[in-house]
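Undergrad: The listed protein sequences correspond, in order, to chains A and B.
Numbering follows my numbering, with no gaps: position 312 of the first sequence is 312.
Numbering follows my numbering, with no gaps: position 7 of the second sequence is 7.
No wet-lab data here; the hints were simulated from the structure.
If you're wondering where the values come from, they're calculated on a predicted model, not measured in any experiment.
Treat the hints with care, as some may be off.
[Stated by the list, open to error] Calculated Cβ distances over 12 Å to all of chain B for the following chain A residues:
| hint | residue |
| --- | --- |
| 1 | GLY113 |
| 2 | GLU164 |
| 3 | ASP369 |
| 4 | LEU390 |
| 5 | VAL424 |
| 6 | GLY464 |
[Said to hold, decoys possible] Only pairs whose alpha carbons sit at most 25 Å apart, straight line, appear in this in silico DSS-like list of lysine-lysine:
| hint | chain 1 | residue 1 | chain 2 | residue 2 |
| --- | --- | --- | --- | --- |
| 7 | B | LYS101 | A | LYS376 |
| 8 | A | LYS281 | B | LYS156 |
| 9 | A | LYS168 | A | LYS158 |
| 10 | A | LYS372 | B | LYS455 |
| 11 | A | LYS367 | A | LYS460 |
| 12 | A | LYS436 | B | LYS156 |
| 13 | B | LYS455 | A | LYS436 |
| 14 | B | LYS455 | B | LYS101 |
We put the CB at the ideal spot given by N, CA and C, even for glycine.
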Amino acid sequence: MIPVNPLSLETCVVAIGILLLMAEAFFPKMEKRSFATAGILGLLLVLVLSFGVDTKAPVSAAPYASFYRADALAMFFKQFALVSTILVLVLSMEYARTVERFIPSARKGAGLGEFYTLPLFACAGLMWMASAVDFVMIFVSLELVTLAFYVLVAYMRKNLLSLEAGVKYLILGALSTGFLVYGITWVFGVTSQTNLENISQIIPQLPVGAQPALMFGVALVLVGLGFKIAAAPFQFWVPDVYQGAPSPITAFLSVASKAAGFVVLMRVVQTFCVVPAIQTKLIACLVVLAVVTLVFGNLAALAQTDFKRLMAYSSVAHAGYLLVAIASIGSAISGQAVVFYLAGYLLMTFVAFYVLIQVEQQTGSTKIDAFKGLAKRSPWMAFVLLIALLSLAGLPFTAGFIGKFLVFSAAVQQQHWILLVVGVLTVACGFYYYLKAVRVMYWQDAAPDAAALQMPLLAKVVTGVLSAAIVIFGIYPQPILQLLR
Amino acid sequence: MSPLYVSILLPVLAAAFVIAGAPARRTALTAAVMNLLLAIYVAFAVGAREGYHFTYSLPVFLELGLNLAVGVDGLGLVMLVLTTLVTVCALWAAPEPENRKGLYYASLLFISAGAVGAFVSTDVFFFYIFHELALIPTFLLIGIWGSGDRQAAAWKVTIYLAAGSFVLLLGLLGMYFSIPEGMRTFDMQALRKLAETGAVPQLKWVYLLLLFGFGILISLFPFHTWAPQAYASAPTPAAMLHAGVLKKFGLYGLIRLVVPLYGETVDALSWLLLLLLAGNILYVGLVTISQKKLDWMLGYSSVMHMGYIFLGIAALNLLSLTGASVLMFAHGLSIAALFALCGEIRARTGTLDFAELGGLAKTTPKLGLLFGFAAMASLGLPGFANFAGEIMIFFGAFARGEGLAVFNAYQVVTVIAVWGVVISAVYMLRAYRAVFMGEASRSYEGVTDIAPHVKIAVLILLVVLLVAGFVPRLLTSVLTPAIFWP
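Let the sequences and hints guide you as you build the complete structure.
TA: Written out as structure tokens, the structure reads:
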């Protein structure tokens, strides 16, 4: 088989995106759903192509090697971005009815074209981010992702919540970008490099006096990335944005955007962990971030009565567990822990959102109470959501458990006691708020006039596959871990 | 392949069939009986031979050396028979629920599958996660079909056990990573070899994490408060399975892992375990006496009896450890019988309050007789297997102080434990009198005697207890080769 050039993947995604945008402009009468279908098929093709990339190819040979890397980690997250974009597009088709109500348009469904094509550009940005090994490249690809999200979050422009979410995301996103760029300039000022590998080579030669300046720069970069991955105390935009954004976009934000943030964080942290003095400080920062994120995310989630908001806080909580793995970077399984955790997180979050969107469309509410008696109103939806919630809580025989197992293995290996103690308490909290939703579905009866809920066939198939994957990877995680080798 | 995989899969498959719409009770019972027959076959095939048998292993996660590995030795075998036997009796004695039959039987089968999986796993990781399989079914069973303040009970037991399991997980990880690199393993047989060569570093914090992790699951004082509340609220078969089988998971873990690997630390920190188990026996014993309802009293009594088993573990010798294992088996059967009968009383009279009951033996003589037998078994009357276990524990624990002029801590606690038997007698006999003897405080018109299916289930349990009580060698000859301590 001819090896595929990794750059062609992103090029294809962008080309498909531009083609669809053009088609939207020149053939306004076309059925809008067909854009989503075309996008899904195109991305599936790219996904297939991506398995043809040779990750073992020598790095220096490629002309773009100074800023772009197609190693196993990058390829995994490219596929991750592709899969989540495909799932988001499927979700968006289901969600079209709600979006239509909130956009002014002369003809039914006329304004939906961009809703289906913009995720493709975000996807391309995420894929570049996965490969970025240069601060400039990191910044540019991050901006591409964020720009697409600015539009998507505020897409339902007659809905006040969506607009509010858009404004919040725009202002805080810009702020975090400012932090990131400022941090990058400090690092550049000290090392006169933007390439991560060059930076890590120069750091040991720096005079000790330059370390505070470098640490300042790194801290600013951490703040910037902290916004993207929703780590406390930079999480305050999360609940409102997640709640106001169209639900498929919320899922996209909480899975793909977070995952890409973590790849970058992993690469950045590795870069600076070359000198013990800096490494201890950096890890101390990460430990503090992880503790704050775990405590805040889990405690705030306890009191939620809205399912979408619950998922927002749970997204913060899971960022905390991922930070535990990053803080244990010295352990050999830390990288695998992050990757597996994110893969499991993708599966369970999307299942939850597929069910949420059906409930939201058919009952008009995202409150947890809207799920009352779901076990009787739609046994299938209740069952797959049960699996997803148990996995989010970290129950054995689910991918979520293996993820937590790997994360805490890494932490035990690095003897991060404080993280372990906090972890025990927050896991117990997690059981409470996830099981709260289980209780509503299985214990409580719906109002007598509540109608049965339906799930379209496509969504049934997708949730079936995803929840089967949750259980299979919960028993046999090897396939995902193999992808990294 | 190993027949032990079948014994894990049978209940899971039956649960799947039941959810898919197969006749719930019949499918569940068939699977349970088949599983019991399989366990008996394995028991005869293995007998009193040393080492693990019917071993098989499927690699799951290479970096950490995780395998879905199964196998049984004497201890695992006894637990397997206990689990399958109690499962049959619990399903048989189960009253038909009014709604959602499928989910009810499927949940019970999942608890059984989790327990079987934990006892036949020879990989520590799977030993751990199979136990967790029972968590959510318990939550649903108590929450949907429970009685009393069932919601509070369901939350409490689930959060308590989830947190306890997590402490245990950290302990197991600590154990794994404290072993020098290159020798790390999750395999129980390899771990036992490591223990024999003394290659496991005796780290106190790992031992404490393991002790409290397992301890929370076993209701070690002062982490016992979830147990009585959960058992009082749980539907009868769930209480039978949980108190009879699932709680033994923690004790099994202590005897199987902690004692061989951390025996020296158990010894060095024996004062802690002795103190806590004295709490289990004395404090919880007195709390049991003051209970006003039968279900709560039985729940507390099951917490109290854990104290004896802890004593057997703390004493660290062949006699006491074998006794602890025998008592695990015996307690599982007797508490299951008591909860089955307790459920019958509730179904017939609608109350378990001692103040409202009385003189029931006239109306329901068979129920009274069986309850008397089960109560005697539970308080350790000679002739029942409970007595065999307790006497071995007492002798073993007392022997720790031989040659000393003054009593040492082991002997003091043993004396307390023997008084514990008296406490047991007090609350059991008082309960018996309050429920079955004396003047009827109300009319029992229309109250029928014990239902035939419950009668048979309880009889099976009592007969096994009597046989093992008269011929304890049946158990000890199988158990002794599997017991190891440094």
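Undergrad: Against this structure, judge whether each hint is valid.
TA: Tested hints:
Remark: the non-interface label on GLY113 of chain A is consistent with the geometry, its nearest Cβ contact in chain B lying 43 Å away (cut-off 12 Å). With a closest Cβ-Cβ approach of about 35 Å to chain B, GLU164 of chain A is found to remain outside the 12 Å limit, as its non-interface label requires. Non-interface status of ASP369 of chain A relative to chain B is upheld: no Cβ of that chain comes within 12 Å, the nearest being about 16 Å off. The beta carbon of LEU390 of chain A sits about 6 Å from the closest Cβ of chain B, which is not more than 12 Å, so the claim that it is off the interface is violated.
For VAL424 of chain A, the condition that its CB be more than 12 Å from all CB atoms of chain B is violated, with the nearest at approximately 5 Å. Here GLY464 of chain A stays apart from chain B, with its beta-carbon at least about 15 Å from theirs, past the 12 Å limit. Proposed proximity of LYS101 of chain B and LYS376 of chain A is supported: the alpha carbons are some 13 Å apart, at most 25 Å. At roughly 40 Å between alpha-carbon atoms, LYS281 of chain A and LYS156 of chain B are farther apart than 25 Å, so this suggested pair is violated.
At roughly 16 Å between alpha-carbon atoms, LYS168 of chain A and LYS158 of chain A fall within 25 Å of each other, so this suggested pair holds. Using a Cα cut-off of 25 Å, the hinted pair LYS372 of chain A and LYS455 of chain B is violated, with the two alpha carbons roughly 39 Å apart. A threshold of 25 Å between alpha carbons decides the hint, and for LYS367 of chain A with LYS460 of chain A the separation of about 22 Å falls inside it, so the pair holds. Between LYS436 of chain A and LYS156 of chain B, the direct Cα distance comes to roughly 13 Å. Compliance with the 25 Å bound is thereby established for this hinted pair.
About 38 Å separates the Cα atoms of LYS455 of chain B and LYS436 of chain A, which puts this hinted pair outside 25 Å; it is violated. Distance restraint check for LYS455 of chain B and LYS101 of chain B: the Cα-Cα separation of roughly 22 Å lies within the 25 Å cut-off, and the hinted pair is therefore satisfied.
Violation of the numbered hints given earlier is confined to hints 4, 5, 8, 10, 13; the remaining hints are satisfied by the structure.
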